[in-house]
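Chemist: Single-letter residue listing:
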Amino acid sequence: MAQIIEIISSLLLVTGGLFGLIGSYGLVRLGEGMQRLHAPTKATTIGVGAVLIAAGLVGGVASKAGLVAGFLFLTAPLTALFLARVHLFRSLPPGAVPPTGTGVDWASRSETP
Amino acid sequence: MRRLYPSPLLSALQILLWVMLAGELTPGVLAMAVLLGTTLPLLTARWWPDRPRPHPLRLMAYLALVLWDVILASIAVARIILFLPQDRIRSAWVVVPVDLPCAEARALLAGTITLTPGTLTADFSEDGKVLLVHALHAPDTKALREEIRTRYEARLKRIFT
Chain A
2 MAQIIEIISS LLLVTGGLFG LIGSYGLVRL GEGMQRLHAP TKATTIGVGA VLIAAGLVGG
62 VASKAGLVAG FLFLTAPLTA LFLARVHLFR SLPPGAVPPT GTGVDWASRS ETP
Chain B
6 MRRLYPSPLL SALQILLWVM LAGELTPGVL AMAVLLGTTL PLLTARWWPD RPRPHPLRLM
66 AYLALVLWDV ILASIAVARI ILFLPQDRIR SAWVVVPVDL PCAEARALLA GTITLTPGTL
126 TADFSEDGKV LLVHALHAPD TKALREEIRT RYEARLKRIF T
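Line order of the protein sequences matches chains A and B.
Read in my numbering, the first sequence has 20 at position 19, and its numbers run on one by one without any break.
Read in my numbering, the second sequence has 39 at position 34, and its numbers run on one by one without any break.
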């Protein structure tokens with residue numbers, strides 16, 4: 002039984018490491034600013050998730066690993082949103098993104114705070 | 006009961022969070038957890054008026070679905086990064102109008118989009134009713150918009166009503 006758990010957690014560690022590596026590689030390989038945001042927000046999230054499950058299985062810190070994963074899933078979209086908005090505001094011309102279609106503008110282009 | 010626990014879900018989360026942080030379930034930890042789970046929602050209730058009451062079971066089912074999609078999404082994105090030639094990646098902006106009852110539901114949808122298959126919420130419209138989504142590889146933007154609406158938005162609508 003203990004051996005099975007160890008095999009599973011080793012597999013999870015390797016998977017996690019692989020996804021982390023792929024995410025970082027994507028950051029280097031993809032050309033455009035918006036594309037590069039995709040790699041770290043997703044591949045890395047699952048990479049860290051796999052490592053945390055492994056830590057919960059063998060390290061005896063299951064509840065804390067679960068919390069770390071929970072907070073990571075809560076914060077990753079926010080980081081991505083803020084990075085994307087800064088990119089929209091600073092590096093892209095106003096016509097680069099399609100209009101909202103409802104008459105109001107995107108929040109990052111807003112004149113009113 | 007309703008006056009003591011203005012939002013049961015928040016109280017339950019608070020208790021769970023405290024027990025998980027402590028890492029053990031002793032009477033002392035549980036007492037502290039219940040104390041926090043009771044007082045914090047009461048003290049903060051006035052700064053969060055009109056808070057929505059999501060359907061707890063449907064919310065759980067939704068979170069499980071998203072978790073599963075996150076795993077599939079990561080594999081899909083990893084494949085795009087590794088195997089798709091640079092000039093064949095079709096990145097696109099997708100405008101997704103959403104019709105959800107509250108800001109909390111819209112925030113949840115935006116977070117879901119960022120965590121799932123090659124899509125990322127980049128901006129909101131000023132009134133918060135339209136999402137600007139960037140897709141890493143979306144040859145068919147219409148299908149993507151439909152998928153977001155049927156797979157996630159429809160479920161969120163049923164959670165927050």
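Incorrect hints may have been included.
Pair by pair, the computed Cβ-Cβ distance ranges are [stated by the list, open to error]: (1) B:29 with A:29: 23 to 31 Å; (2) A:33 with B:58: 38 to 46 Å; (3) B:68 with A:63: 16 to 24 Å; (4) A:111 with B:48: 29 to 37 Å; (5) A:6 with B:148: 24 to 32 Å.
Far from chain B, some chain A residues (derived; all Cβ distances over 12 Å) [as the list claims (entries may be wrong)]: (6) 2; (7) 12; (8) 33; (9) 58; (10) 59; (11) 75; (12) 79; (13) 80; (14) 98.
Honestly, the hints are just simulated from the structure, not real lab data.
Every value quoted in this text rests on a predicted model; they were computed, and no experiment measured them.
We put the beta carbon where it would ideally sit given N, CA and C, even for glycine.
Chemist: Against this structure, judge whether each hint is valid.
Modeler: The hints, checked one at a time:
no. : hint                        : in the structure
1   : B:29 with A:29: 23 to 31 Å  : violated (43 Å)
2   : A:33 with B:58: 38 to 46 Å  : holds (42 Å)
3   : B:68 with A:63: 16 to 24 Å  : holds (18 Å)
4   : A:111 with B:48: 29 to 37 Å : holds (33 Å)
5   : A:6 with B:148: 24 to 32 Å  : violated (41 Å)
6   : 2                           : holds (23 Å)
7   : 12                          : holds (14 Å)
8   : 33                          : violated (7 Å)
9   : 58                          : holds (15 Å)
10  : 59                          : holds (16 Å)
11  : 75                          : violated (8 Å)
12  : 79                          : violated (8 Å)
13  : 80                          : violated (9 Å)
14  : 98                          : violated (5 Å)
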